[in-house]
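Asks: Here are the chains, one letter per residue:
Protein chains: 2
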Amino acid sequence: MTDYKTSRRVVMAGFGTGLTALAMPALASGDAQPARKLGYAIVGLGYYATQQIMPQFVGCEHARLTALVSGTPEKLERYGAQYGIPKTHRYNYSNFDSIRDNPDIDIVYVVLPNSMHAEYTIRAAQAGKHVMCEKPMAVSVAECEAMISACSKAGKKLMIGYRCHFEPYNLHAIALAKSGDFGPTRIITAEHGFNAKPDQWRLERPLSGGGSLMDIGIYSLNATRYLTGEEPVEVMAMESTDRSDPRFTSVEDRIDFMLRFPSGILANCVSSYSSNHNAYRVTGTKGWVGMEPATSYSGQRMSVNLQGEIHQVTLPFSPKTQFAAQLDHLPQAIASGIEPRTSGAEGLRDMRIIEAIYRSAAERRAITLTAK
Amino acid sequence: MTDYKTSRRVVMAGFGTGLTALAMPALASGDAQPARKLGYAIVGLGYYATQQIMPQFVGCEHARLTALVSGTPEKLERYGAQYGIPKTHRYNYSNFDSIRDNPDIDIVYVVLPNSMHAEYTIRAAQAGKHVMCEKPMAVSVAECEAMISACSKAGKKLMIGYRCHFEPYNLHAIALAKSGDFGPTRIITAEHGFNAKPDQWRLERPLSGGGSLMDIGIYSLNATRYLTGEEPVEVMAMESTDRSDPRFTSVEDRIDFMLRFPSGILANCVSSYSSNHNAYRVTGTKGWVGMEPATSYSGQRMSVNLQGEIHQVTLPFSPKTQFAAQLDHLPQAIASGIEPRTSGAEGLRDMRIIEAIYRSAAERRAITLTAK
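Chains as they are written, first to last, in full-length UniProt numbering: chain P, 1 to 372; chain L, 1 to 372.
It is possible that some hints are incorrect.
Copies of the same chain look alike in the list, so a pair counts if it fits in one copy or across any two.
[What the hints assert, rightly or not] The list that follows gives simulated cross-link-like pairs (lysine-lysine, DSBU-like), each with its CA atoms no further than 30 Å apart:
{"no.": "1", "residue 1": "Lys178", "residue 2": "Lys75"}
{"no.": "2", "residue 1": "Lys37", "residue 2": "Lys153"}
{"no.": "3", "residue 1": "Lys286", "residue 2": "Lys178"}
{"no.": "4", "residue 1": "Lys87", "residue 2": "Lys75"}
Simulated from the structure, these hints should not be mistaken for laboratory data.
Keep in mind the model is a prediction, meaning the values are calculated, not measured.
Please model the entire structure based on the sequences and the hints provided.
Replies: What follows is the structure, encoded as structure tokens:
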């Protein structure tokens, strides 16, 4: 029997104060809004920057694209022309530091290969700019700490590009997991992976810092943290990589891991570079909330199981994409003088766990995580 | 774009020689069939025996219910009357061994609490009867070995009640995983659990030998083995049990585990006594085969993802249930002089892994499994 009231409550949960509060946790009505659109310089004009991020400024209320940084003159020319970025606002890696003299640049968005995140974040902060940095935040805990320190010293904000924290279905899943409708969460499963194409920087350890875990498995990891609101205390991991596959000479293919959370929740996670996965499920004592795809650029699908009845959940169309919401969040945080929702501390927490996952797989034992 | 030919191949795979061969692997057309229906004595008249197994003999070609064994006279009276079992064919645990003198009993089906499986299997073999024993086969590797030895010494067959090996959707999933249509398998996820009711023998370690893993997690484990056709070489496990929950004073609640297989496949498994799970998914480089519910008594649902297109797969109605097929298989194996598909060796293999899972969780390290 469908309990209409209950299922309706689930579908609508979070549309009152709940979801609003989650979507804009620290921006209450009295908080400051940016007086003008803040200007972003995009550093690194690869696929993600040019095809996913740059087209999104058109949907922003508080952000605009004002500068480009690339080592490839042809890219600066092409995208500069496309987005109306004057030659004075196009930079390469030699003259990058002169962005300090450009008042149209408020924020530097680092979309470089992982191993370059730390250097360009720190240089941007030293040039007096706020920083948005793609995930993974860097390739080591030490780098993350240096980035946080540099931004703090410069008095600049640092935000990590965890776009799912600005995606309505993911925010709804968090609200549902916390609603109590499904009972206390007992198990989370999270799977992320894709079949990696050969010959790209992701597969070169000096650039990527690691394989599927750094790139896509981090979505499984981060999801378990935002869906629980807790920090894991123990991890166990198992890696499987065919080293005769030319894609995997320096980075891992698959690395699965289990996490234990303080409340007793167990999470079972997949990270793969040789199979497609994009899903998670939060199972409580009374049912579950599932997403598949869960963390895609668009097209999220949610279903819930309440007391054995499965329902699809469709949210009202949101005119603002997760990308635009993320780009707008940092200007809002700057104007309000608060820490961004996905600050450097958030990226550092994932990186501590990533290092523990790699260590667990290498040492074939559980690694205890201590709160910091 | 739907590739109709490909998807049709998937849906139909196994309906030619494939599935038939799987369903009856060692019973070729020339093999012997039982000349008469073999008689079963059911030992232990609990819920599973009386509500699930006993009603299934009506659908059997080679098996019939001929005797009952219980310590509760009222149960013997009630079910004896219901199934037309004469008083001479009703036994208790004191006179159990006199079944040796009853020629209407060919097979003893042990449906007792786990810790009693070994004793009654061995006593049945010593009484000259073949044995069907419920899973888990016993509560230790040592017991499993003693059971195999006793049946071998008595020249009697031993089969373990892994009904999924006789369930059409599960057999189809095996065929699909092996078909190559989904590429080589890279990841398996398998989740089994239910919210355990208090005050039952499953929650008392002296009777059950363990918690969710022995009872329901074994479905996750066994599925990874029949879906790969391989034996795992390494296991890591993490347990989470709230010892203040009166259900879990002596057995575990949740125990998740990861398995590594020789071909590099990783399996990520859930076992829970505090949340509902019944699913698995086999993911290859080109797509996946999913089942949810996967190992239920009935109502299996299969879907496949081929190159990003998801299809539901519906098999033709099968007049013979997994229960009846299992009951019929042992008489066929006896008549043909072959080992049952789910022999004592199969139960022993699971039990070795179960012991390793418990050890991994206790010692917080990976346990290497060696082929035996």
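Asks: Would you mind marking each hint as holding or not holding in the structure?
Replies: Hint-by-hint comparison with the structure:
1. Lys178 - Lys75: Neither. Shortest intra-copy (45 Å) and inter-copy (46 Å) distances fail the 30 Å Cα cut-off.
2. Lys37 - Lys153: within (25 Å within a copy, 85 Å between copies)
3. Lys286 - Lys178: This pair counts as within: shortest intra-copy Cα distance 13 Å, inter-copy 35 Å.
4. Lys87 - Lys75: within (12 Å within a copy, 90 Å between copies)
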